[in-house]
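Undergrad: Sequence:
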Amino acid sequence: MTPMSEVRNGIYEGMFLFPQSAAADMRGVVEHVTSILERAGAELVAIQKWDERRLAYDISSNKRGLYILTYFKSDRSRIPGIERDCNLSELMLRSMILRAEHVPAEEIEAANQREALDDEIKLREVQAAEDAKAAEAAAAAAAAAVAAAAEAAATAEAEAPAEAEAAPAEAAAEAEAAPAADGEEKA
Numbered sequence: 001m002t003p004m005s006e007v008r009n010g011i012y013e014g015m016f017l018f019p020q021s022a023a024a025d026m027r028g029v030v031e032h033v034t035s036i037l038e039r040a041g042a043e044l045v046a047i048q049k050w051d052e053r054r055l056a057y058d059i060s061s062n063k064r065g066l067y068i069l070t071y072f073k074s075d076r077s078r079i080p081g082i083e084r085d086c087n088l089s090e091l092m093l094r095s096m097i098l099r100a101e102h103v104p105a106e107e108i109e110a111a112n113q114r115e116a117l118d119d120e121i122k123l124r125e126v127q128a129a130e131d132a133k134a135a136e137a138a139a140a141a142a143a144a145a146v147a148a149a150a151e152a153a154a155t156a157e158a159e160a161p162a163e164a165e166a167a168p169a170e171a172a173a174e175a176e177a178a179p180a181a182d183g184e185e186k187a
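Going by the working numbering, the letters in the sequence shown line up with residues 1 to 187, in that order.
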């Protein structure tokens, strides 16, 4: 006969759906899922990014989603609490938790892609830092171009009044020279 504690514990499969915008903060997504499971006293066995794909229908105006697949051990009396926390989560769109007693241990071990997930998190953080640097460089270049254009406009404005003053003086000199030339032709 088995003790009651073994009967109540089981292995579960959890699928958690997040908006695609949350994929930018993959570390936050993983921490969010693990914190929900840890609060319920569940032991995380495997976690992986299952997929990023187009949703069959819009959920809260989201057309694409990020799926996180987990396998965890928990007391079955704690599952409603996990589901409640998932439903109350503002970050998570949907969740589904199923008993995974039928899943072979080898498949669960193969699903544990924590290292690959950590590598993807680091890669996304590096790309975000590079994108931020590129955006800063582009903003600096744009600011320099605006400053150069403003300087060129100021220079053009400074030269324009001098040319405007010179033009009437030249016209007056030509007007004085024109009658003299007319007078020479008559003579």
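Read the hints as simulated data drawn from the structure, not as lab findings. Warning: the hint list may mix true and false statements.
Unchecked claim - Simulated pairs of lysine-lysine, BS3-like, Cα-Cα distance not exceeding 30 Å:
(1) K49 to K63
(2) K73 to K49
(3) K133 to K122
(4) K122 to K63
(5) K49 to K133
(6) K133 to K73
(7) K122 to K73
Unchecked claim - Just the calculated beta-carbon pair ranges, DEER-fashion:
(8) W50 to N87: 15 to 25 Å
(9) A142 to E109: 44 to 54 Å
(10) A134 to E159: 21 to 31 Å
(11) A105 to G28: 47 to 57 Å
(12) K63 to A134: 22 to 32 Å
(13) A141 to L55: 34 to 44 Å
(14) G28 to A139: 52 to 62 Å
Backbone N, C-alpha and C fix where the C-beta goes; we use that ideal spot for every residue, glycine too.
Undergrad: Run every hint past the structure and note whether it holds.
TA: Evaluation of the provided hints:
1. K49 to K63: Distance of about 18 Å is within 30 Å: holds.
2. K73 to K49: Answer holds: K73 to K49 is near 19 Å, not above 30 Å.
3. K133 to K122: holds, 17 Å
4. K122 to K63: With a Cα-Cα distance of about 26 Å, the restraint between K122 and K63 holds, given a limit of 30 Å.
5. K49 to K133: holds, 27 Å
6. K133 to K73: Violated, at roughly 43 Å.
7. K122 to K73: Given that 30 Å is the threshold and the Cα spacing comes to 27 Å, the pair holds.
8. W50 to N87: 15 to 25 Å: At roughly 20 Å between Cβ atoms, N87 and W50 fall inside 15 to 25 Å, so the hint holds.
9. A142 to E109: 44 to 54 Å: holds, 51 Å
10. A134 to E159: 21 to 31 Å: violated, 37 Å
11. A105 to G28: 47 to 57 Å: violated, 30 Å
12. K63 to A134: 22 to 32 Å: holds, 27 Å
13. A141 to L55: 34 to 44 Å: Holds: the Cβ-Cβ distance is about 38 Å, inside 34 to 44 Å.
14. G28 to A139: 52 to 62 Å: violated, 26 Å
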